[in-house]
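Trainee: My request is simple: use the sequences and hints to build the entire structure.
Chains as they are written, first to last, in the working numbering: chain A, 1 to 313; chain B, 1001 to 1286; chain C, 2001 to 2421.
Since the hints were derived computationally from the structure, they do not count as laboratory data.
It is possible that some hints are incorrect.
[Unchecked claim] Here chain C is said to cover these stretches of chain B; the calculated rule only asks that three of the stretch's residues, wherever they fall, bring their Cβ under 8 Å from a Cβ of chain C:
hint	segment
1	1038-1044
2	1136-1145
3	1229-1242
The structure presented is a predicted model; accordingly, all values stated were derived computationally and were not measured.
All C-beta atoms in this analysis are idealised placements derived from N, C-alpha and C, irrespective of residue type, glycine included.
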Amino acid sequence: MSNNEVVMTIMATGDAPRRNWRQLVSSDASLGIALALPVIALMAAFVFVPVLITAWDSFHRVSPMMPGEPFVGFKNYVTMFSDPNVRNAWWNTWFYVVLAVSMQLALGLGTALLLNGMRSGRRWLLAAVILPWALPPVVNAMVWSWIYNPHYGLLNGLLLKFGLIDQARVWMNDQGTALVLVTLVHVWRMMPLNAVILLAALQTIPRELYEAAEVDGASRFRSLRMITLPLISGALGIALTQSTITAFNIFDEAWILAKASAITRPIQGQIYMTAFQDLKFSYGMAMSITVMLVSIVVSAFYIRRIYRETRFD
Amino acid sequence: MVSFILRGTGQRLAALLLLIWSLGPVYWALATSLMKPRDIATSPINFFPPEITFEHYRKLLGGLIGLPDETGIWYDFLRALINSLVLAGGATVLTTAIAALAAYAAVRLRFPGRNLVFYMIVATLAVPGYTVLIPLYRMMVSLGLVDTYSGIILIYISAYLPLAMWLMRSVYESLPLSIEEAAYLDGAGRLYTMIRIVIPLATPGLIAAAILTFLGAWGQFSVPLVFAPTAATKPLTVLIPEFATKNYVDYGLINAAGILAMIPPALVVMFLNRFLLNGLMAGAGK
Amino acid sequence: MKKIIPGARRRALSTAAAALSVALFALPAVAADKITVLLPGRGYTPEILQSFEKDTGIHVDQQTLAWDQLHTRIITALVAGTSPADVIELDWSWVGQFGAAGWLEPLDGKLEQAALDQVSVLPIFKFGGKVVGAPYNNDFKMMVVNADHLKKAGIDKAPRTVDELLAAGKAIKEKGISKYPFGLPLSVGEATSTAWYLVTMMYGGTLFDANGEPAFTDASSGGYKALAFIKQAIDDGLIDPASTAYGNPEVREAFKAGDVSFILSDGPGPLATYNDKEKSRVAGNSVGAVVPNVSGKTVTYGLPEALAIPSASDNKENALKFISYVLKKDIQELYYQQEGNLPTRQDALAALNGEGKLESGDAIVEQVASVQPLFAEGTPAWYPPFSNAAASAVNAVATGQSTVEAAVEAIATAAKSAKDE
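Mentor: Below you can see the structure in the form of structure tokens.
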């Protein structure tokens, strides 16, 4: 639908430019607006307005079991800071974010570089790499919960077979291990996304640049640092942001592996329990708005850093 | 020469490790899908199915080869597969097309509020699904869009457009302006330059955006859970968990369905791969 | 009504959003005699739906969802002020919340009294004195036993007291028949809290006293002893420590593998699977048995599921017709034979058992007669946070992170704060 509409709008507006200004600028502006308007309308209807309604609700007491929806100001936000469950969920979430983002970036970059440098078999390897991402999330979580199963799982099975442990271990009982195992499931599924983003960027770097660097006697690491990374900085920013946001949204993995257990419960799990199980709707939405703002701030922070660092190199 | 061989070996080793990491758990799902239900939980574990059975695949696909079983699950599975393809395919084509045009506007066309609009759209990447679920549901009901392809595809577009646009913008930014200027000086219009010259050069970005959207939509769970309630639109991600009932979790069937669900995205990626890897190299080298 | 202003505000915003949306779509046509039904699993069989349509001329559009996701779907629609379907699933644990939110249509006087009289679990679905759900799926806690393991240990009948149970477990363990005889889910989930309630009842206890105060904090109470039982059983190697990572499905897999001899808190539903040679290694040896009790007289509680009509449905008449239809004795019997859905009507159960069609029928019939309500006044609205606190505390005791004293205190505190809100 939108394609035709866009083209038609462009034609309609493009025919009547304001010729009293510089023609280029004016037609550019109307074309730009014509291209942007449908997108703005779509995003407004499906995202901005719903977010505003939710934000509005978060300043009220919306709880289906209680009559009325009185305005409560910042009460939901204030309560959040003294709620030990929320604090605990935030700590778990920060752990996930730090570990998942660093693993996803390192593995994603490594994979993209490997695929980029391969001469044969590349399409097969790429197809294999994206498979984890294609596994439906519920199946993914089930496969992993069996892998981690103390008696019937692959992890203990392999460790026992190779004599690395002498009896079955219950991995999800130890908080540190459990957090790492949940992160691993997430990274396994989401890493291909980073690989694809970075691979697309690597493909835009002309080979001549590397040849010139090789003539200058630059080491491979140095050309990675001096040529590759600056040239794919935009994509790195996208991959970092994407990983950060998905890590802030970890939920299914923790839920299926350890149910509502507090030692692995992420903030999204806390939101789900608050809003959908306990039906304290606006309190859950206040947390949800907070997660959104925090992930925007964190992402904006390192996008700025990346741009600054790489632009100067 | 020696270093070339070493490099080749290192590369092969890295590729092998990558394959083990990616395919190990997939193998485990495959092995489970081929086991009889009674062989799934054994201690010590079976690394290979002790007795291979295709019963789960038969249940899911039997009707296609004239061997339907009494449960009739194959029919639901086939419908869900088609729904998944329509939803992910539709969302991918539209999102990529819209992103290609809108991101161009965000890079090359000056209009008031350009950056603000772009940043606001990209910022919606951070909106968690549950944040908008209830207001969105209310709106979808009032528009009569629940349980329709168009409604779900519109939500998918709004969810995956920000990433696709951002990716396309960064690709356009890296393209040399000189090519466009040359075309412009030759008398070509903006729209013509964009569609005929710029977008072809940006193919790898476009393909990457398409892959991201397709896989994102393919794996979407919470949106269709709420907005695709009946068999008319329900995709695989929502159907497969139904094989776990309160009394019996059919692990074999769930894993078999998961293995089958991985095939279409793998085929799509293999097909798109040549554009992803060759597109710009050819253009920029000239 | 209470939400006029915010509702109007929302509607205005929704309309604005609708207007913003660029696309035009035809509104789906509403057929005159059609209802939607939202159920878990595979729902009713096509035969039942077709015979209903033949009988009444009403077409049923059945929607199914996985059990785990059903709640989210229903809540989303209800919070949004819409009806998820004309007839919806209502689990016993949702009654307090849905009732307090005013989401459900009272059914009193609208269904045939003779039918309701047959349904002993009906009071579970009362809120504020009104019936809000018609039970269609009978479920209650009972024990499942591997008869072959018992025989090998020289025990000829299933234990009926807690002492007999412990003795049987120890005998089985000592003879090496199974390494961990007792299966019990102990991860942080609903399966674990409901298991603890059952063990509480095994020790003759209740969760709350007549004044609604926690009745599990005293060392002589059933709830306290239940936690102590779980801890001792883990220390003695009667319960697998890995159970702290298990929910119901994992415990059941262990039973089917022949690795545990009893599931203490199972139900009648999975028996058919346990005795299916293709799916289980203990086929032919799995029997249902009544829950042991310190008094020797079995007591259990029910976790039935009901059909309910959302207040927001605009098809209530036809929805009622559907509920009346599937509540008929012969339909309940047919549904059991087709899908293993245990009838809620006593007469249907008795008929099935009389014809020998009910697996472990005698135990089921005896257990049904001993079903007591978990909450005298119906499931309260604060049940979900209470259940979660109970599961966390039981898990903490099982993993050794908490003592029994601390755990009962934690549950009591959570119950109080959940109630106060």
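Trainee: If a hint holds in the structure, say so; if it does not, say that too.
Mentor: Here is how each hint holds up against the structure:
1. By the rule of at least three residues with a Cβ nearer than 8 Å to a Cβ of chain C, the coverage given for the segment 1038-1044 of chain B holds, with 5 such residues.
2. Chain C is given as covering the segment 1136-1145 of chain B, and this holds because 8 residues of the stretch bring a CB closer than 8 Å to a CB of that chain, at least three being needed.
3. Coverage of a stretch by a chain is defined here by at least three residues with a beta carbon nearer than 8 Å to that chain's beta carbons; for the segment 1229-1242 of chain B and chain C the count is 5, and the condition holds.
In this structure, every one of the numbered hints holds.
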